[in-house]
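On the provided structure of chain G, position chain B as indicated by the hints.
So the sequence lines, in the order shown, correspond to chains G and B.
The numbering of the first sequence is numbering that gives the first Met the number 0, which starts it at 0 and goes up by one.
The numbering of the second sequence is numbering that gives the first Met the number 0, which starts it at 0 and goes up by one.
These are calculated hints, taken from the structure and not from any lab test.
Predicted model only: the values in this text are computed from it and were never measured.
Positions of the beta carbon are idealized from the N, C-alpha and C atoms, including for glycine.
Mixed in with the good hints, there may be bad ones.
What the hints assert, rightly or not - Residues on chain G that point at chain B, a partial pick, calculated with CB under 7 Å:
{"#": "1", "residue": "G19"}
{"#": "2", "residue": "A22"}
{"#": "3", "residue": "V300"}
As the list claims (entries may be wrong) - Chain G regions said to be covered by chain B (calculated; three or more residues, Cβ under 8 Å):
{"#": "4", "region": "218 to 229"}
{"#": "5", "region": "255 to 262"}
Below, each chain spelled out in residue letters.
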Amino acid sequence: MAEAGGAVKKTDTEGRIWLGLLAVLALLAVIPGAIGNAFHAHVLVLILLYASMAQSWNILGGYCGQISFGHSVFFGIGAYGAGMAMVRYGSAPWLGVLAGALAASAVSVLISWPCFKLRGHYFAIATFAVVEIFGRLFLVWDWIGGALGLDYPIMDDSWTHFLWSSDKTGYYTGAVALFALVFGVVRSIEGRRLGYYMRAVREGQETAESLGVNSTHVKLTAMALSAFMAALCGAFFAQYNYRVDPPMVVSLDMSMKFVLITILGGMGTFWGPLLGAAVLIPLQEYTRTYLASLGAGVDQVIYGLLIIFMMVRQPRGIMGFLAEFGILGGRSDSAGKEAGDASP
Amino acid sequence: MAESVCSRPSNGGTILADFSQVLIDGLMNGAIYALVAAGLSLIWGVMDVINFAHGEFLMVAMYACYWLGSLLGIDPLFSWVLTGAFLFFLSAASYLLVVRRCIGRSAMAPLLATFGLSIFLKNFCLNRFTPNFRLLSGTIMEGRVLHVMGASVPLPQLVTALFSLVVLGCLYYFIKRTRIGWAIQATAMDREAAELMGIDTGRIFTLVFGFGGMCVGIAGGFMTSYLAVFPEVGALFSLIAFVVVALGGFGSIPGALLAALLIGLVESFAGFYIAPVIKYVAVFALYVVVILIRPKGLFGW
Numbered sequence: 000m001a002e003a004g005g006a007v008k009k010t011d012t013e014g015r016i017w018l019g020l021l022a023v024l025a026l027l028a029v030i031p032g033a034i035g036n037a038f039h040a041h042v043l044v045l046i047l048l049y050a051s052m053a054q055s056w057n058i059l060g061g062y063c064g065q066i067s068f069g070h071s072v073f074f075g076i077g078a079y080g081a082g083m084a085m086v087r088y089g090s091a092p093w094l095g096v097l098a099g100a101l102a103a104s105a106v107s108v109l110i111s112w113p114c115f116k117l118r119g120h121y122f123a124i125a126t127f128a129v130v131e132i133f134g135r136l137f138l139v140w141d142w143i144g145g146a147l148g149l150d151y152p153i154m155d156d157s158w159t160h161f162l163w164s165s166d167k168t169g170y171y172t173g174a175v176a177l178f179a180l181v182f183g184v185v186r187s188i189e190g191r192r193l194g195y196y197m198r199a200v201r202e203g204q205e206t207a208e209s210l211g212v213n214s215t216h217v218k219l220t221a222m223a224l225s226a227f228m229a230a231l232c233g234a235f236f237a238q239y240n241y242r243v244d245p246p247m248v249v250s251l252d253m254s255m256k257f258v259l260i261t262i263l264g265g266m267g268t269f270w271g272p273l274l275g276a277a278v279l280i281p282l283q284e285y286t287r288t289y290l291a292s293l294g295a296g297v298d299q300v301i302y303g304l305l306i307i308f309m310m311v312r313q314p315r316g317i318m319g320f321l322a323e324f325g326i327l328g329g330r331s332d333s334a335g336k337e338a339g340d341a342s343p
Numbered sequence: 000m001a002e003s004v005c006s007r008p009s010n011g012g013t014i015l016a017d018f019s020q021v022l023i024d025g026l027m028n029g030a031i032y033a034l035v036a037a038g039l040s041l042i043w044g045v046m047d048v049i050n051f052a053h054g055e056f057l058m059v060a061m062y063a064c065y066w067l068g069s070l071l072g073i074d075p076l077f078s079w080v081l082t083g084a085f086l087f088f089l090s091a092a093s094y095l096l097v098v099r100r101c102i103g104r105s106a107m108a109p110l111l112a113t114f115g116l117s118i119f120l121k122n123f124c125l126n127r128f129t130p131n132f133r134l135l136s137g138t139i140m141e142g143r144v145l146h147v148m149g150a151s152v153p154l155p156q157l158v159t160a161l162f163s164l165v166v167l168g169c170l171y172y173f174i175k176r177t178r179i180g181w182a183i184q185a186t187a188m189d190r191e192a193a194e195l196m197g198i199d200t201g202r203i204f205t206l207v208f209g210f211g212g213m214c215v216g217i218a219g220g221f222m223t224s225y226l227a228v229f230p231e232v233g234a235l236f237s238l239i240a241f242v243v244v245a246l247g248g249f250g251s252i253p254g255a256l257l258a259a260l261l262i263g264l265v266e267s268f269a270g271f272y273i274a275p276v277i278k279y280v281a282v283f284a285l286y287v288v289v290i291l292i293r294p295k296g297l298f299g300w
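The following block holds chain G by itself, in its conformation from the complex:
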């Protein structure tokens, strides 16, 4: 790992990123006072939610290099964990959230253990197939509400229920907590042994294995962590929407959101998921609102064009653009070098 040489410099970068995260959190604590409008608050909650989703995907896709299009399955399991606790057992969602997240981790390990044998496009297509299988099974599974899904009963606004009907403050606080949890976990993994192993597997699985890294173990750990956090995001999504049904959570489109936001922001970078969500979500929400007169689908047309533009122009995402213009350049370059240094 050659830790001795880079130790001083590394703690420096690491400290800076932790400080950055604290600064973002402090900023997030101040923002709600500045915006009175509920729609802006809604957009802000979505940004934090999608940033957390993208970051949970980033652990596996960005740091470990395994491009999964199956994350909506874990997202859906988490959403159903919360939904079932609320609707079937008429209680608070918390235990259901935990059960859903653990179930998502277990399912992710069971699915990916064989799938990790596949490489490249084959792995990607196998994960599509998994989404289709789960999506259709959820549709016919009566215990969890089948195609109708689960509609939340009317309950009091409270932290116990994690439901608020009148204002967004509770959800906003919850979203900030989710964001802090997911980004904090990823940041702390990034600097640990597991983080280096993951990047080593991404840069060259054979090389990493020849140096004694158990790549299957590393990939499965990354997958289980990633699925756990995706499920937490799913639970938040269900609570926020007051309902959950299969096409809403387990779909290829939802899976692609995980991938696209991360890639738009910058895959394998710490800030990429937040930047991607901060650009994509407002774009989508505001164009949908303000361009509604142009007819259905205009927001998605712009979204599609943006993705094409990004892939053609700078596949490394917004972080790549920033590096190109010299802003944040040092940091993202050194992150890249660290990743490269991890393998030899």
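Positioned in the frame of chain G, the structure of chain B alone reads:
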């Protein structure tokens, strides 16, 4: 393809008649899947690019055929020539404008760029043509049904399936027996070596993308004679095409045909003998199981 299976009238209900009906439905659907998948397979095999907009190309072809039929009165029996040509140019243009610019930068860039293209095409059609289902009526083959071994076979599906086989045969001949086909094979095997032999691989890639689009354009043209058109129509076909290609081994047209027939049969048998909702679960589960045993597909190398 739920519509085609469910809409057939009950025919006495003997076990043999049911069986032959399910068998024929499966084979017909399979042949059509093969044509849809052939274009994808060609592109994947030669360029190692997954064209995510493949299903949307099918949708565009179906809209083109629908409008040719309803505005100009051209029957799908003839308009497939036009939709095939149209899709050749659309597909080649999307290679030149989008895919070419992101090949070689990262493995996922072309896939995601074509995903962006698919969102664009789908929502552009949604915006222009509304999400409503549109079924072309008054076509020559409309409502004609043949009866074979107690099974009823709708003529539009049968003609589409048979024609798919003919197009696949032509494509196979083209790849295996013509100079351009040889150049395509050479490019697929080793791009640099092909360039050293004087093959303009950039032109070959454009052609391959064009032919991929042409296959789906022809398929879409014919399918409009019995399937309703709507912006989401391509989604399921593209997923099935991915599975067909991965199952058949990429780049192999006979592999794609066999895999497509297998998938058509699994779909119709699981749908009839187990439950209609299970049919795609069975298809995708079969794929996952096969791919775990043979990671390069049934017929891949």
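**Request:** Could you check the structure against the hints above and give me the numbers of any it violates, in ascending order?
**Result:** 1, 2, 4
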